[in-house]
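K.L.:
Got chain A; can you put chains B and C on it based on the hints?
Residue numbers (the working numbering), protein chains in the order written: chain A, 1 to 313; chain B, 314 to 665; chain C, 666 to 1022.
If you are wondering where the hints come from, they were derived from the structure by calculation, not from laboratory data.
Positions of the beta carbon are idealized from the N, C-alpha and C atoms, including for glycine.
Possibly wrong hints are sitting among the right ones.
[Claimed, not checked] Derived DSBU-like pairs (lysine-lysine); straight-line CA-CA distance at most 35 Å: (1) C/K754 with C/K728; (2) B/K361 with C/K728; (3) C/K823 with C/K728; (4) B/K624 with B/K394; (5) A/K218 with C/K1018; (6) C/K826 with B/K550; (7) B/K550 with C/K788; (8) A/K218 with C/K754; (9) C/K728 with B/K359; (10) B/K550 with C/K1002; (11) A/K7 with B/K424; (12) A/K218 with C/K720; (13) A/K7 with C/K826; (14) B/K522 with A/K64; (15) A/K252 with B/K624; (16) B/K394 with B/K438; (17) A/K168 with B/K624; (18) C/K748 with A/K218; (19) C/K875 with A/K218; (20) A/K252 with B/K426; (21) B/K550 with B/K359; (22) C/K1018 with C/K1002; (23) B/K424 with B/K438; (24) C/K826 with C/K758; (25) A/K218 with C/K826; (26) B/K550 with C/K720; (27) C/K875 with C/K1002; (28) C/K869 with C/K788; (29) C/K758 with A/K218; (30) C/K728 with A/K218; (31) C/K728 with B/K550.
[As the list claims (entries may be wrong)] If you only want the chain C side, here are some residues facing chain B, beta carbon under 8 Å, derived: (32) T865; (33) L972; (34) I974; (35) W994; (36) A1000; (37) P1001.
[To be verified] Just so you have them, the derived chain A footprint on chain C, three or more residues with Cβ under 8 Å: (38) 778 to 788; (39) 981 to 989.
For reference, the chains in residue letters:
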Amino acid sequence: MRRYIIKRLLISIGTIFVVILLLFILLQLMPGSPFNDEKLNVDQRAALYEKYGLDQPLIIQFFKYVGNMLRGDFGVSYTISKNTPITQLLQTRLPISLSIGGEAVLLGAVIGLILGIVAAIWHGTVWDTIATIVSVIGVSVPSYVFALALAYVFGYQLNWFPLLYDMKIPLQSSVLPSIALCMFTIASIARFTRSEMLEVLGSDYILLAESKGVYGPKLIVRHVLRNALIPIVTVLAPLIVGLMTGSLVVEKIFSIPGIGSLLVTAIQSNDYNVVIVLSFIYSAMYIGIMLVVDILYGVIDPRIRLSKEGPHD
Amino acid sequence: MTDIQNNADISFLPGDFELKGAENTKLDMNFASQRFWKEAAMRFRKNKGAVFSLITILLVILLAIFGPMISPYTYQQQNIKQTNWAPRVQGLENLGIFDGSESLKTSTGTKLKNAYVVDKETGAKNDTYYWFGSDALGRDIWTRTWTGTRVSLYIAVVAVLIDMLIGMSYGLISGYFGGRVDSVLQRFAEIINSIPTLVIVTLLMLIMKPGLMTITIALMLTGWIGMSRIARAQMLKLKEQEFVLASHTLGASNFRVIFSEILPNIIGQLITNTMFSIPNAIFTEAFLSFVGLGIPEPMCSLGSLISYAFKSFTTHPFQIVPPVIVLALLMLCFNMLADGLRDALDPKMKEM
Amino acid sequence: MQKDNLILSIRNLDISFQTNAGAVHAIRGVDLDLHRGETVAIVGESGSGKSVSMKAVMGILDKNSVVNHGEILFTYQENGTSKTVDILKMDRKTIRHTINGRHIAMVFQDPMTSLDPTMSVGKQIIEGMMLHEHIGRREALERAVSLLDMVGIPEPEKRIKNYPHQLSGGMRQRVVIAIALACDPDVLICDEPTTALDVTIQAKILELIKKIQADMGISVIYITHDLGVVAKVADYVNVMYAGNIVEKGMIDEIFYDPRHPYTWGLLSAMPDLDTNDERLYAIPGSPPNLMHERPGDAFAPRNIYALNIDDRLMPPMFRVTDTHYAATWLLHENAPKVEMPPELKERILRMKKEAER
Chain A
1 MRRYIIKRLL ISIGTIFVVI LLLFILLQLM PGSPFNDEKL NVDQRAALYE KYGLDQPLII
61 QFFKYVGNML RGDFGVSYTI SKNTPITQLL QTRLPISLSI GGEAVLLGAV IGLILGIVAA
121 IWHGTVWDTI ATIVSVIGVS VPSYVFALAL AYVFGYQLNW FPLLYDMKIP LQSSVLPSIA
181 LCMFTIASIA RFTRSEMLEV LGSDYILLAE SKGVYGPKLI VRHVLRNALI PIVTVLAPLI
241 VGLMTGSLVV EKIFSIPGIG SLLVTAIQSN DYNVVIVLSF IYSAMYIGIM LVVDILYGVI
301 DPRIRLSKEG PHD
Chain B
314 MTDIQNNADI SFLPGDFELK GAENTKLDMN FASQRFWKEA AMRFRKNKGA VFSLITILLV
374 ILLAIFGPMI SPYTYQQQNI KQTNWAPRVQ GLENLGIFDG SESLKTSTGT KLKNAYVVDK
434 ETGAKNDTYY WFGSDALGRD IWTRTWTGTR VSLYIAVVAV LIDMLIGMSY GLISGYFGGR
494 VDSVLQRFAE IINSIPTLVI VTLLMLIMKP GLMTITIALM LTGWIGMSRI ARAQMLKLKE
554 QEFVLASHTL GASNFRVIFS EILPNIIGQL ITNTMFSIPN AIFTEAFLSF VGLGIPEPMC
614 SLGSLISYAF KSFTTHPFQI VPPVIVLALL MLCFNMLADG LRDALDPKMK EM
Chain C
666 MQKDNLILSI RNLDISFQTN AGAVHAIRGV DLDLHRGETV AIVGESGSGK SVSMKAVMGI
726 LDKNSVVNHG EILFTYQENG TSKTVDILKM DRKTIRHTIN GRHIAMVFQD PMTSLDPTMS
786 VGKQIIEGMM LHEHIGRREA LERAVSLLDM VGIPEPEKRI KNYPHQLSGG MRQRVVIAIA
846 LACDPDVLIC DEPTTALDVT IQAKILELIK KIQADMGISV IYITHDLGVV AKVADYVNVM
906 YAGNIVEKGM IDEIFYDPRH PYTWGLLSAM PDLDTNDERL YAIPGSPPNL MHERPGDAFA
966 PRNIYALNID DRLMPPMFRV TDTHYAATWL LHENAPKVEM PPELKERILR MKKEAER
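Bound-form chain A, shown alone (with noise of 0.2 Å):
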């Protein structure tokens, strides 16, 4: 298990590796970026010189923008909040995003799973489908559809949630755009655990753990639900990034000060120190998820971990 964890580790760090370089280069490209920007005064440009070695060859600048970013510091904004230090900018941002996709997924995950299991177990009656239908409309149905009418419904009508994100009531802020948000991953969740618990359910191995007297919750939850886990949890990686994506669309509607509503005024006012860093910090997480469900598929899945190869071979 554990040579499992390490190569999985490496090679997630070398993709951030080489996302970093991507980034990095692109910034050299990039006019107005710290690099190429002309218009710099002396003592600026002597600042920039120092911190980021551009008087050096471009593979010693690599790495202090590496080293930079290591030690957290993520360079200024240019055209948001001129000479701001980003990381000041993610400082309040980053925490609000974060615990707004935390919601979702734990909500969209746990509220999906009942909802396919359900489905599954009663297969063919009502509940079956109400619930596939649920799970189509979540699918099809973008996030900021469902958000604009909730936003309309609960906030303008009812007036039951605020319709903007204030930051003096963040729990009640999020309610609704945790719930427009986590449509899609309950739905995705549900519709994978009922085909996958549907596909479970017939296999041999479940005859023979009847054959030997095993019946009800001990059944479903030992033997269907831990084999159906396995492909369950590979949706996960491409559910986080919906929510990524989502998330850029219900902060605009509500609002929310967080790194989504950032990226799209900085892609708007081409700060392009800000772009390159929220699409590291992106990617980062998307690739730190990844990590922790294929450590995951080790821990559900012995024939992964006991194997020399990883699941996605």
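P.N.:
Frame of chain A; chains B and C shown alone:
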């Protein structure tokens, strides 16, 4: 079955106990074999959801083509004196709906307002009609919605088709040659896959200005990986089978084998995957436009329409409804269609 | 075979399946007996209904199955007294608690898919034990080790911790057998236990089951399409076709004096190096589509010895000896005297001579 020795209760016919003769044996009359596509079509037709979705999609496409044509307005035509007018449809207005009135929530209470009214005393209305209403710049929403649908569909289809071509070829080649070629190609794909679509798209936005071309390229760059995985998996499964070997023995070149022997076997999955990718592409475009990174004004797509209408969401909510409904319908129907296709082309026999 | 030794008695079993395309009448009136210590074989082609009838005994029929009528009477000892139940009348939960694993156990066909890939071998063996008996985990594991030893797996203490994918096909099948024996059942149902294995391993598994049977006094039902297997293990044979038993008898009777044309076909189809036939014999046609029921004998379309009455009425069981019955109109007193094909006759003579040696 009980053993009986006495046949007193069974009446026998003369000739009962004569041999029928070996020529009378009927063989293999039991399972009529049907052609694969015929069976698939039958299964598809049984799936009501899928059929309904197909019809709806065709309807939307028809409307997208003809909608703007039957309207007296163009999509960019502005009339500043007629901004934010509520929907008004001839005929339906006599029933009391779509008659151009909207209720506004003000600080003093809700007010009923009708912008079409010219004479406040008599309530007589003028001669203009906006079927979906007009937006903040006085443009007809009906025309813009269907023009936007055209754009969204166009982007989605183009992107997906190219994705399918690239992804399919990539996967087929990678799977067919195996070995080092496969490893390298797969590592490369894996790295690209590790970067979230969002990042790739935003970086593209940085380099290129937002526009039709940009979005199409952005979609192309990221969607092919899923297709390549499927193609590769199928290739790996099929290349060991005998008909490939047979083809080689007959002297077929690699290229020929890939595209004329193996491809027909993968078509089913490819079609399904393509159908699934379309709503994905539509969504991505819509989402990009919504956050302001998509189609620039005055051109419109469903996403940009929604984005624009969002600004008046609390004052004139009717503006956002048409594009949202069309978008949701498209995505829902494509998903159900894809589901139906998948079930039709690759059924899992759950009973027996 | 004394009547008081009868532990399993299936009477007039009739089962259909509901499918999208219609109802499939899979089992059409099956009678079958199993006595203590006996080995009974059920022989037939795919789709004849062999597995379905045994799944009914185990209470693991698919959810879309309908039992139209019949009874499955099972007799077992509980707390020193003899108890007889009709399995068809019991609900699934009770069957799981009282019968499955404890009194009747099953060995499945494909060892590659019949073990849970996420559970260690040891845990799968003791799962049944922990459910049915009051023993501690350590004791259960010790028993598991000795079971693995009994089924012939080397280094059983190490194997306990292995996962199924780490074992070969033959070893996995032994594990499946060990699981079946874990709670000391009275009856072992083996559904084509060797079909998915290499020929060399086949023989070993059959020997193993025979040995276990002798040691533990278990009664065994073998489901198979392979007459070679039947010849090696069975005391009593039931030949099934299209959901009916068409011939049944002691093993010598079936092999040396078969009466039903289908049995003739099966025996003739066994490849044999000594046969001088220029062609391999195969029963013409394919098994019937059980969705379309035709009146009369289901085998008639493929039967070159069919009589006109076979198209009208289904033949009842005719008695050949007290233990040998066949359901064919050819055994009726009015029927023409039809003999088995000469090649088959020769082959049987040869088999007899071999056996006497």
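K.L.:
Hint by hint, note whether the structure agrees.
P.N.:
A quick look at each hint next to the structure:
1. C/K754 with C/K728: 16 Å, holds
2. B/K361 with C/K728: Roughly 25 Å between the alpha carbons, so the hint for B/K361 and C/K728 holds.
3. C/K823 with C/K728: Violated: C/K823 and C/K728 sit about 39 Å apart, past 35 Å.
4. B/K624 with B/K394: 19 Å, holds
5. A/K218 with C/K1018: Violated, at roughly 56 Å.
6. C/K826 with B/K550: 32 Å, holds
7. B/K550 with C/K788: With Cα atoms ~34 Å apart, B/K550 and C/K788 stay inside 35 Å; holds.
8. A/K218 with C/K754: Roughly 24 Å separates the two Cα atoms, so the pair holds.
9. C/K728 with B/K359: Roughly 23 Å separates the two Cα atoms, so the pair holds.
10. B/K550 with C/K1002: Roughly 55 Å separates the two Cα atoms, so the pair is violated.
11. A/K7 with B/K424: 67 Å, violated
12. A/K218 with C/K720: Holds: A/K218 and C/K720 sit about 21 Å apart, inside 35 Å.
13. A/K7 with C/K826: 24 Å, holds
14. B/K522 with A/K64: 30 Å, holds
15. A/K252 with B/K624: 11 Å, holds
16. B/K394 with B/K438: Holds: B/K394 and B/K438 sit about 15 Å apart, inside 35 Å.
17. A/K168 with B/K624: The hint holds at about 24 Å.
18. C/K748 with A/K218: Within the cut-off at roughly 28 Å; holds.
19. C/K875 with A/K218: 33 Å, holds
20. A/K252 with B/K426: With Cα atoms ~30 Å apart, A/K252 and B/K426 stay inside 35 Å; holds.
21. B/K550 with B/K359: Holds, at roughly 30 Å.
22. C/K1018 with C/K1002: 26 Å, holds
23. B/K424 with B/K438: 18 Å, holds
24. C/K826 with C/K758: Given pair C/K826, C/K758 holds - Cα atoms ~30 Å apart, limit 35 Å.
25. A/K218 with C/K826: It holds: about 21 Å lies between the C-alpha atoms, which stays within 35 Å.
26. B/K550 with C/K720: 33 Å, holds
27. C/K875 with C/K1002: 39 Å, violated
28. C/K869 with C/K788: 25 Å, holds
29. C/K758 with A/K218: It holds: about 13 Å lies between the C-alpha atoms, which stays within 35 Å.
30. C/K728 with A/K218: 19 Å, holds
31. C/K728 with B/K550: 32 Å, holds
32. T865: 25 Å, violated
33. L972: Holds. Min distance 5 Å.
34. I974: 4 Å, holds
35. W994: This interface hint holds because 7 Å falls under the 8 Å limit.
36. A1000: 5 Å, holds
37. P1001: Result: holds, 6 Å to nearest chain B Cβ.
38. 778 to 788: holds (count 8)
39. 981 to 989: Coverage by chain A is violated for the region 981 to 989 of chain C (0 residues, Cβ < 8 Å).
When the structure is compared with the earlier hints, violations turn up for hints 3, 5, 10, 11, 27, 32, 39 and for no others.
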